[in-house]
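Peer 1: For the protein sequence lines, the chains are A and B, in the order given. Its first residue numbered 1, the first sequence is counted upward by one per residue in my numbering. Its first residue numbered 1001, the second sequence is counted upward by one per residue in my numbering.
These are calculated hints, taken from the structure and not from any lab test. Since we're looking at a predicted model, the values are computed, not measured. Just to be clear, a hint being listed does not mean it is correct.
To be verified - Here are the computed lysine to any residue pairs in the SDA-like style, where the Cα-Cα straight-line distance is at most 25 Å:
hint	chain 1	residue 1	chain 2	residue 2
1	B	Lys1152	A	Val36
2	B	Lys1119	A	Ile256
3	B	Lys1119	A	Cys10
4	A	Lys199	A	Asn280
5	B	Lys1119	A	Asn43
6	B	Lys1084	A	Val36
7	A	Lys15	B	Glu1123
8	B	Lys1084	A	Ser60
9	B	Lys1119	A	Ala90
Unchecked claim - If we take Cβ atoms under 10 Å as the criterion, some of the chain B residues that face chain A in the derived model are:
hint	residue
10	Ala1087
11	Ser1096
12	Phe1099
13	Gly1102
14	Glu1123
15	Ser1124
16	Glu1138
17	Trp1142
18	His1150
Just so it is clear, CB atoms sit at the ideal spot from N, CA and C, and this is done for glycine as well.
The lines below spell out each chain.
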Amino acid sequence: MRKEFTIQMCALFEKSPFIFLTGDLGFNAFETLRDVMKNKFINTGIAEQNMISVGAGLCSRGFRVFVYSIAPFCYARPFEQIRNDVCHHALPLTLVGNGGGYGYGVQGPSHHALEDYGVLTTLQNMKAYIPAFAKDLNVIVQHIIDRPLPSYLRLGRCEIPANFQPPEYAPWRQLLKGDAGIVICVGPLAGSLLGDFIKMKPLERPDLWALCELPIPDIPKQIIEDIAIGKRLLVAEEHVSRGSAGEMLAYMCMKIGLTPAAFFHHHAQGYPSGLYGSQNFHRAESRLDAVDIMKTLSQGQTKK
Amino acid sequence: MNELQKIARQRLLLMHYQSQVGHIGSCLSCIDAILFLFNNWMNRNQDVFILSKGHAAGALYTALWSIDEAIEEDLMSFCKDGTKLAAHPESQSFPSIEFSTGSLGHGLSLSAGVALGKKLAGESGHVYCLTSDGEWQEGATWEALIFLTHHKLFNLTVLVDSNELQAFGTVKEVASMNDLKNKIASFGATVLECDGHNFAAINSALDTPSLSPRVIILHTVKGKGVSFMENKIEWHYLTLNEDLLKRAQKDIAAL
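Same shape as in the complex, but just chain B (with noise of 0.2 Å):
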């Protein structure tokens, strides 16, 4: 990992541990690619990035922080009364949130929408989707899948945050989509897959031409980079005491 993704790690946990917000494992599973997005790759006055699993807002406005949108005084008051940081995006929080989500299974027709606003408009610019692997359970994504391949958006990349756990189990043990690639690229998608923790793979898939819409599904870790936090569901919920936070400072300071 490299500094940045450890210092936003750092603030991400702290933010949680004041604010005593969970969804911190679902954070730490998908702030890598929002972090390369934002720091590597989106063109921030064209590209459109869509938090579709809205419960890791945090990864979000850590992302922000870093690239200087969200400030140290935003960040404090995360989920604090008078925020403007809740633990879902609220649109118009911030110039890069464009749409509030939190109810799993928008985000992708929203991004479709943007995506074909921009092709009809003429406008360049891509729009990027970040959902969860759970969230294939929601027949809006299929819809939208189905949507945006018959369109050939091509302007718009799908990200998957597959950690493979889900609210109440595993994704496998809940309603298991078997092989969500093939599934996926039946539609008419070119699937990709990569270490979703690793900002050279993500970026070699995203580099990867293509000739029909996107799909990344991104390999992750719940929890990433806290030993105790590492593919434990419970760290969908709970949030962090004093002791548990430094313990996953040194976690992180020694990755």
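This is chain A alone, in the form it adopts within the complex (with noise of 0.2 Å):
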């Protein structure tokens, strides 16, 4: 999504400019931009914590802030920075982490950001994006612009499935209709299971939604219908399960007394095997892929 991002930052410079941090990351996707902004795009080196606060001081002085990093970079080296500096003092500053989830595959751990939106939404003003598609960008990039408040961007790789037109951004959307359950998926994951359900039979596939906006904004009515109807629920998410999408729609279910029929969580489990790959590798060893998502929807149902 990088490519989209920076014609988006480009656009969004011509008509309200900002500041833009990088930790020395963006080489090859940037150079545009950083020609477009010229000394309000800063390289700030490899230093994390204080880039930051660097931007924290920006915003303070009235500008609009976006720092870049690889995603646990931005996120994991610096929390404390953005913790005190930064939520604390509600500032307009938006971290942009490349690669949620196991998105930089064999790089390996130190580069995977699985607890990224977790972590980061239990601060004072925090506020995630995950978009599920690239062009999504477009109006989360504005959304973010419109709340001058801490955000988090995480970028991943677009897997929307050729010719698919997605309906306009909205924080939920429904992407494919289906009898076989309710699928909610966090992020470009969306992407890549819309893939594989839209080529099943309505009958045999599930709802599909696609959840961007973190923490969870109001469950959707249709949701709630298919729900009390006794349709079963399971959420799939490249993130680690405790402060997850999946935990926080349990507790808004709770919240509001709606029980559905079963509840399926499939999220990233780390590294099970030991062993490294790609991103669909790590995927397949969290059963984030369309079989074992349909496997434990027909389990839940042959239980019922």
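Since each chain sits alone in its own frame, please combine them into the complex, following the hints.
Peer 2: Okay, structure coming up:
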């Protein structure tokens, strides 16, 4: 999504200047943005803690600031700076983390972001955006600008199936209708599952929803109604269980007295085999693929 | 010591006594520099002060009281329930406190961001950041130093309260930085040294022209002015009882 992100950033800078800080990353991606932004594009070097606090200082002078790095480098290393200097002061700084989840594949665990939006959304004033598709960035970037508070943008790989026209961006979007339960998916994984589910007959496939903002906005009425008539619910996300969208959703269901016939959660399992590979390898190890998801939904049906 | 330094010390001691809060020694080592900045040096309409060693909040509140930004009632509420004067400074509690601090190693990067923001916006004014000496054990402080020298942030002055004591020992015992002055200078900053309790010396250091971002090492004494506190690590923590308060007040009066 970096290409689309760059396009949106260049367009935004023309109408609403901001400052872009990068922790020495963006080679072969941000050269155009650097040329457009000139002295407002700053490579702060390999010093993420400093980068976040410098960003907070810039925000205090009235600037909007975007801070970019590989996802774990921009939220895990400088967590205290995000907590104290940005979130506590409610400053309009956006963390842009590239390669959410297992996005950096065989680069290994140091480069994976499996707990990013969970820990970040525990912080005051923080909101996380996890675009499902590259074209979502157009709207999300504007949302970020319209909300002058801390935010986290988790970029991934756009996995939209060829020739699929997604519905207009919304925090919740139904991508596909089906009869075999409800699958709620966070971020780009939705594109991958969509590619598989779309080939199935409506009777055999689930409803597929993409969730792109956290903390979870109100649960859509359609999902509530579908749960109420007995549809089983499965949440799939490239994030560990603790602090996940699945946990948040379960909590929200409890709060409104909504009890699904069955609740399943496919989430990042870490590194169960101790082996490493591509993003798809790690997704498969965590059962974040259409085959395993359908197996789980079927098991639920058998029990019922 | 001049009258302002003595009056401020007396008020600081009373405030800490009434609230039964520690960090008195840390406040007494840097209060003179903060007083000088607010009373004699800074242009409050455009300059920014960031207390990176947030545990010396008492010194900052007392300095703000000395310029009537904080009032008597504010100091009376220090660290009591419902106060805006916490033991570490909270942003927005006073116009002169832009950032909450308390965790060491944040202030210099924040200051660099403010200074860069001023530079990019074409704003006048200067940024002053007060760190402790032990704080230079924090890696983020060095990240900030690299950044502010690389970006030639001449509108930023760093003051290091060098009392040579930290929370659980002397700086030399705990994690010696040996020649801090030359270490900082090697990153491209102009490093000056002065007596951190002497207004004239602080004035002279601040007034020294510099062709690179400036760091002033303030040679200070923890607990300065109170005989039983000076250079005593326990006064990082201890609170005053009535007898000790009287002794401390007497010491200050005799300065």
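Peer 1: Would you mind marking each hint as holding or not holding in the structure?
Peer 2: Evaluation of the provided hints:
Between lysine 1152/B and valine 36/A, the direct Cα distance comes to roughly 23 Å. Compliance with the 25 Å bound is thereby established for this hinted pair. Of the supplied pair hints, the one linking lysine 1119/B and isoleucine 256/A is violated, its CA atoms being roughly 51 Å apart against a limit of 25 Å. Straight-line distance between C-alpha atoms of lysine 1119/B and cysteine 10/A comes to about 23 Å, which keeps the hinted pair within the 25 Å bound. Among the hinted pairs, lysine 199/A with asparagine 280/A is consistent with the structure: their alpha-carbon atoms are about 19 Å apart, no more than 25 Å.
Of the pairs offered as hints, the one joining lysine 1119/B and asparagine 43/A holds, with about 16 Å between alpha carbons and a cut-off of 25 Å not exceeded. With a CA separation close to 44 Å, the supplied pair lysine 1084/B and valine 36/A exceeds the 25 Å bound. The hinted pair formed by lysine 15/A and glutamate 1123/B meets the criterion: a straight-line CA distance of about 22 Å does not exceed 25 Å. The hinted pair formed by lysine 1084/B and serine 60/A meets the criterion: a straight-line CA distance of about 20 Å does not exceed 25 Å.
Taken as a hint, the lysine 1119/B and alanine 90/A pair is honoured in the structure, with Cα atoms around 23 Å apart against an allowance of 25 Å. Annotation: interface hint on alanine 1087/B violated; nearest CB of chain A at approximately 15 Å, more than 10 Å. Because the beta carbon of serine 1096/B sits about 13 Å from the nearest beta carbon in chain A, more than 10 Å, this interface hint is broken. Against a cut-off of 10 Å between C-beta atoms, the interface hint on phenylalanine 1099/B holds, since the closest Cβ of chain A lies about 7 Å away.
Evaluation of the glycine 1102/B hint against chain A yields a held restraint, the C-beta minimum of about 8 Å falling below 10 Å. The criterion of a C-beta within 10 Å of any C-beta in chain A is met by glutamate 1123/B, whose closest approach is roughly 7 Å, and the hint holds. A least Cβ separation of about 12 Å between serine 1124/B and chain A goes past the 10 Å threshold, and the interface hint is therefore violated. Taking 10 Å as the C-beta contact cut-off toward chain A, the hint placing glutamate 1138/B at the interface holds, the least distance being around 9 Å.
Taking 10 Å as the C-beta cut-off, the interface hint given for tryptophan 1142/B holds, the closest approach to chain A being about 9 Å. With 10 Å as the threshold, the beta carbon of histidine 1150/B comes within range of chain A, its nearest partner Cβ sitting at about 8 Å, so the hint holds.
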